[in-house]
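Model the full assembly from the supplied sequences, consistent with the hints where possible.
The listed protein sequences correspond, in order, to chains A and B. For what it's worth, our numbering labels the leading residue of the first sequence as 1, then goes sequentially. For what it's worth, our numbering labels the leading residue of the second sequence as 1, then goes sequentially.
Derived by calculation from the structure, the hints in this document are not laboratory data. One thing to keep in mind: the hints can contain errors.
What the hints assert, rightly or not - Residues of chain A placed beyond 12 angstroms of chain B at every Cβ, according to the derived structure:
id, residue
1, Ile48
2, Thr63
3, Val70
4, Lys71
5, His72
6, Asn93
7, Val110
Claimed, not checked - Here are the simulated lysine-lysine pairs, DSSO-like style, with alpha carbons at most 30 angstroms apart:
id, chain 1, residue 1, chain 2, residue 2
8, B, Lys3, A, Lys56
9, B, Lys70, A, Lys68
10, B, Lys71, A, Lys68
11, B, Lys55, B, Lys70
12, A, Lys56, B, Lys13
13, A, Lys68, B, Lys53
14, B, Lys71, A, Lys71
15, B, Lys57, A, Lys42
16, B, Lys53, A, Lys42
17, A, Lys42, B, Lys3
18, B, Lys71, B, Lys53
19, B, Lys57, A, Lys71
Stated by the list, open to error - Computed far set for chain B versus chain A, every beta-carbon distance over 12 angstroms:
id, residue
20, Leu11
21, Thr15
22, Glu72
23, Ser80
24, His103
Don't be surprised by glycine CBs; every beta carbon is placed ideally from N, CA and C.
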Amino acid sequence: GESVGLHLPTLSVQEGDNSIINCAYSNSASDYFIWYKQESGKGPQFIIDIRSNMDKRQGQRVTVLLNKTVKHLSLQIAATQPGDSAVYFCAENGDTGNQFYFGTGTSLTVIP
Amino acid sequence: DVKVTQSSRYLVKRTGEKVFLECVQDMDHENMFWYRQDPGLGLRLIYFSYDVKMKEKGDIPEGYSVSREKKERFSLILESASTNQTSMYLCASNTEGSNRPQHFGDGTRLSIL
Numbered sequence: 001g002e003s004v005g006l007h008l009p010t011l012s013v014q015e016g017d018n019s020i021i022n023c024a025y026s027n028s029a030s031d032y033f034i035w036y037k038q039e040s041g042k043g044p045q046f047i048i049d050i051r052s053n054m055d056k057r058q059g060q061r062v063t064v065l066l067n068k069t070v071k072h073l074s075l076q077i078a079a080t081q082p083g084d085s086a087v088y089f090c091a092e093n094g095d096t097g098n099q100f101y102f103g104t105g106t107s108l109t110v111i112p
Numbered sequence: 001d002v003k004v005t006q007s008s009r010y011l012v013k014r015t016g017e018k019v020f021l022e023c024v025q026d027m028d029h030e031n032m033f034w035y036r037q038d039p040g041l042g043l044r045l046i047y048f049s050y051d052v053k054m055k056e057k058g059d060i061p062e063g064y065s066v067s068r069e070k071k072e073r074f075s076l077i078l079e080s081a082s083t084n085q086t087s088m089y090l091c092a093s094n095t096e097g098s099n100r101p102q103h104f105g106d107g108t109r110l111s112i113l
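Put into structure tokens, the structure is as follows:
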């Protein structure tokens, strides 16, 4: 999962396996959450979002799960591919609605 | 697709210089943001703007200023660059209203020598 600190959490998975990346968010007032993917040398790319009135949302090969009770967010990637190798981080909107607070990220490496 | 373009991918400047980082978005977004990204610290908000000529301080505005003279363009200014401002700078934009994802440029990696 993500954490504040000097070391980026890492996750290595075999190609074709499913990946689960976790995020603990901090503000119980947050009602909107986003997962971003950041490849080396590029800016963060929007993957999927979820509002607090939902527990689960699915996209293409990705699923986001939200557990408001424990303030936990997860991103599941099905049939992980080498192109999925990147840093993934979550964002929450806090009290303001339009400012976002970002996790430090998890580095996903897909082993061919 | 939303396009956020940052004028430079890499920039090297000297201590004390005035540095301009430029960002342009093509989706008529009302909101624009400047972040810096440092290892282990995630993205930290420097400044943001909800409209032309409007600006708000983020979490770490010290040593920076911004300019938004046109809706599509948001500039970050380092008044007198220092080595601790060496970082990756990311610009983002989104449309008005809550619960709207921010869309990012590819960043400017700035080194202050």
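Any hints this thing doesn't respect? Which numbers, in order?
1, 6, 9, 10, 12, 13, 14, 24
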